[in-house]
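Peer 1: Working from the sequences, and respecting the hints, build out all of it.
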Amino acid sequence: MTARFSSVTAYIQDAFLISFVFLFIDAGARFPLVLIWLGLAMATALTAAAVSWRKPYNPTPVLIAASLVMALALLAGVTAGTFIVLTIISLYRLHARFSELEDKNSGESFFLIMFLVIFTISLVLSIFNPLGSSQLLLFPTAAAAIIFYTVSRLFYRYLNARKEGAKLWQAIAASTGIIAIASSAAFIFHILADEIRHLAGSVLGGILTIVLWPFAGVLNWLVNFINGLSTEEEKLDNLSNMEEQAEQPEDLPYSGGLEFDYTIIAGVGIVLAVIIGILLIRKIKPDVANQKEESVAEISRFSEIAEKLEEPEPARGYNLVNIHEIRKAFREFEQKALIAEKGRLEHETVREWANREALPFTESFFKTYDKVRYSNGLIENREASPFVEELEKINENFFRENV
Numbered sequence: 108m109t110a111r112f113s114s115v116t117a118y119i120q121d122a123f124l125i126s127f128v129f130l131f132i133d134a135g136a137r138f139p140l141v142l143i144w145l146g147l148a149m150a151t152a153l154t155a156a157a158v159s160w161r162k163p164y165n166p167t168p169v170l171i172a173a174s175l176v177m178a179l180a181l182l183a184g185v186t187a188g189t190f191i192v193l194t195i196i197s198l199y200r201l202h203a204r205f206s207e208l209e210d211k212n213s214g215e216s217f218f219l220i221m222f223l224v225i226f227t228i229s230l231v232l233s234i235f236n237p238l239g240s241s242q243l244l245l246f247p248t249a250a251a252a253i254i255f256y257t258v259s260r261l262f263y264r265y266l267n268a269r270k271e272g273a274k275l276w277q278a279i280a281a282s283t284g285i286i287a288i289a290s291s292a293a294f295i296f297h298i299l300a301d302e303i304r305h306l307a308g309s310v311l312g313g314i315l316t317i318v319l320w321p322f323a324g325v326l327n328w329l330v331n332f333i334n335g336l337s338t339e340e341e342k343l344d345n346l347s348n349m350e351e352q353a354e355q356p357e358d359l360p361y362s363g364g365l366e367f368d369y370t371i372i373a374g375v376g377i378v379l380a381v382i383i384g385i386l387l388i389r390k391i392k393p394d395v396a397n398q399k400e401e402s403v404a405e406i407s408r409f410s411e412i413a414e415k416l417e418e419p420e421p422a423r424g425y426n427l428v429n430i431h432e433i434r435k436a437f438r439e440f441e442q443k444a445l446i447a448e449k450g451r452l453e454h455e456t457v458r459e460w461a462n463r464e465a466l467p468f469t470e471s472f473f474k475t476y477d478k479v480r481y482s483n484g485l486i487e488n489r490e491a492s493p494f495v496e497e498l499e500k501i502n503e504n505f506f507r508e509n510v
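Sequence positions in the sequence shown follow this note's numbering and run 108 to 510.
Keep in mind the hints are simulated off the structure, nothing from the lab. Check each hint, because a few of them may be wrong.
[What the hints assert, rightly or not] With a cut-off of at most 27 Å between alpha-carbon atoms, the simulated DSS-like pairs for lysine-lysine come out as follows:
1) K449 - K474
2) K500 - K435
3) K274 - K500
4) K435 - K449
5) K162 - K474
6) K478 - K435
7) K478 - K449
8) K443 - K162
9) K478 - K443
10) K500 - K443
11) K478 - K500
12) K474 - K435
13) K270 - K162
14) K500 - K449
15) K478 - K270
16) K474 - K500
17) K443 - K474
Peer 2: Right under this line is the structure:
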C-alpha cells in the first residue's frame with residue numbers, strides 16, 4: 108500500500124513541476140492550460156491507483172485508463188495537438204513512476220531542489236514576459252505544490268509508522284501542529300513586513316552614517332566645489348526646470364509581454380527531445396568499425412580426475428552485452444527457482460517475489476532489471492556483470508541445495 112501510494116504522489120509531484128511550463132502557454136481553451144493539466148493529472152493518478160491497487164503493475168490497463176482520462180481535455184476546448192502532447196507526457200511519467208516501487212522514498216530532496224529551481228526561473232520569466240496565465244496562477248500553483256507535498260509526505264510517514272502502532276489522531280495532531288506553526292509564522296511576517304522593511308532601512312542608514320562619518324569633510328568640500336562651478340543664473344534655471352518637470356506627469360509606456368505561439372515552443376521542445384534521444388542512443392551504441400568478434404566456445408573432454416584438478420571457472424565479465432543475453436540468464440534463474448519450488452507466482456513482480464522468498468537482491472539489481480525488461484539493445488559491463496553475479500550467488504545459496 109505504501110509503495111503504490113508513493114508512486115501516485117511522485118507522479119503528481121512531477122505533474123506540478125511540469126505545470127510551471129504550461130503557465131506560459133495559452134492553448135485557447137475554456138480554462139487555463141495549467142488547471143486542465145493538474146486536474147487531469149490528479150484524475151489520472153487516482154484512476155491508475157484504482158486499477159493497480161494491491162496488484163502488480165500491469166502497463167496495458169493502466170495506460171489505457173490514463174489515456175481515456177486525458178481525453179477529457181478535449182471537452183475543455185484544447186486542440187488535438189495539445190491533447191496528444193499532454194497524453195504523451197502523462198503516460199511517460201505515469202509509467203516511469205508505477206513501474207518502480209519507491210518504498211525507500213529516495214525522491215524527497217530531488218523534488219524540493221527541482222521545485223526551487225523551476226519556480227525561480229518561472230518567477231523571473233513572469234516578470235519580464237507575462238505570457239499565458241503566469242502572473243495570475245504562478246503563486247497559487249506554487250502554493251498548491253507545497254501543500255500537496257507536505258500533506259502527502261506526512262501521510263506517507265503515517266502509513267509507515269502505523270505498522271509500529273501509531274494512531275491516526277497522532278498523525279492528524281502532528282500535521283495540524285506543523286501547518287499551524289508555518290501558517291502563524293507566515294501571518295506574522297505578513298503583518299510586520301512593512302515595519303521590518305522600514306526598520307531594515309533605518310538600520311542600514313545608521314550603518315552608512317557611521318561608516319561614512321570620517322569622510323564628511325571630504326564630501327562637503329566636494330559638494331561646495333561642484334556648486335562653485337555653476338553661476339547663480341544657471342542654478343535658478345535648473346531649479347525652475349526641475350519644478351516644471353515635477354508638475355508635468357510623465358506617461359510611462361506600458362511594456363506588455365511578448366506574444367509567442369505555443370506551437371513554436373512545443374516544436375522547439377520536440378526537437379530538443381529528439382536530439383537528446385539521439386545522443387543517448389549514440390552513447391550506448393557500439394562503433395560498427397570496432398565491433399569485437401564473438402568468442403567461439405571450444406568443447407574439450409577430460410577424465411574425472413582431470414575435472415577434479417581443474418581450476419574453478421573465473422567469473423563472467425561483460426563489455427557491451429546484448430540485453431537479450433541478460434534476459435536469457437534471468438529466465439534460466441527463474442527455471443532453477445521453479446525446480447527448487449521457490450518460483451515466482453503469476454502476475455507477481457520481482458520485488459514482491461524477492462520479499463516473499465527473502466531473496467537478498469540489492470536495489471541496483473532492481474534498477475538493472477527494469478532496464479533489461481523495458482529496453483532493447485546493449486547494456487554496459489558495470490550493470491550487466493553485478494546483475495548476473497547476484498543471480499549466480501542467490502542460485503548457489505538458495506536453490507542449488509534444494510535441487
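Peer 1: Are the hints correct? Go through all of them and say.
Peer 2: Right, here's what the structure says about each hint:
no.: 1; hint: K449 - K474; verdict: holds, 22 Å
no.: 2; hint: K500 - K435; verdict: holds, 17 Å
no.: 3; hint: K274 - K500; verdict: violated, 42 Å
no.: 4; hint: K435 - K449; verdict: holds, 19 Å
no.: 5; hint: K162 - K474; verdict: holds, 20 Å
no.: 6; hint: K478 - K435; verdict: holds, 14 Å
no.: 7; hint: K478 - K449; verdict: holds, 24 Å
no.: 8; hint: K443 - K162; verdict: holds, 25 Å
no.: 9; hint: K478 - K443; verdict: holds, 22 Å
no.: 10; hint: K500 - K443; verdict: holds, 13 Å
no.: 11; hint: K478 - K500; verdict: holds, 21 Å
no.: 12; hint: K474 - K435; verdict: holds, 17 Å
no.: 13; hint: K270 - K162; verdict: holds, 20 Å
no.: 14; hint: K500 - K449; verdict: holds, 15 Å
no.: 15; hint: K478 - K270; verdict: violated, 32 Å
no.: 16; hint: K474 - K500; verdict: holds, 18 Å
no.: 17; hint: K443 - K474; verdict: holds, 22 Å
Hint violations for this structure: numbers 3 and 15, all remaining hints satisfied.
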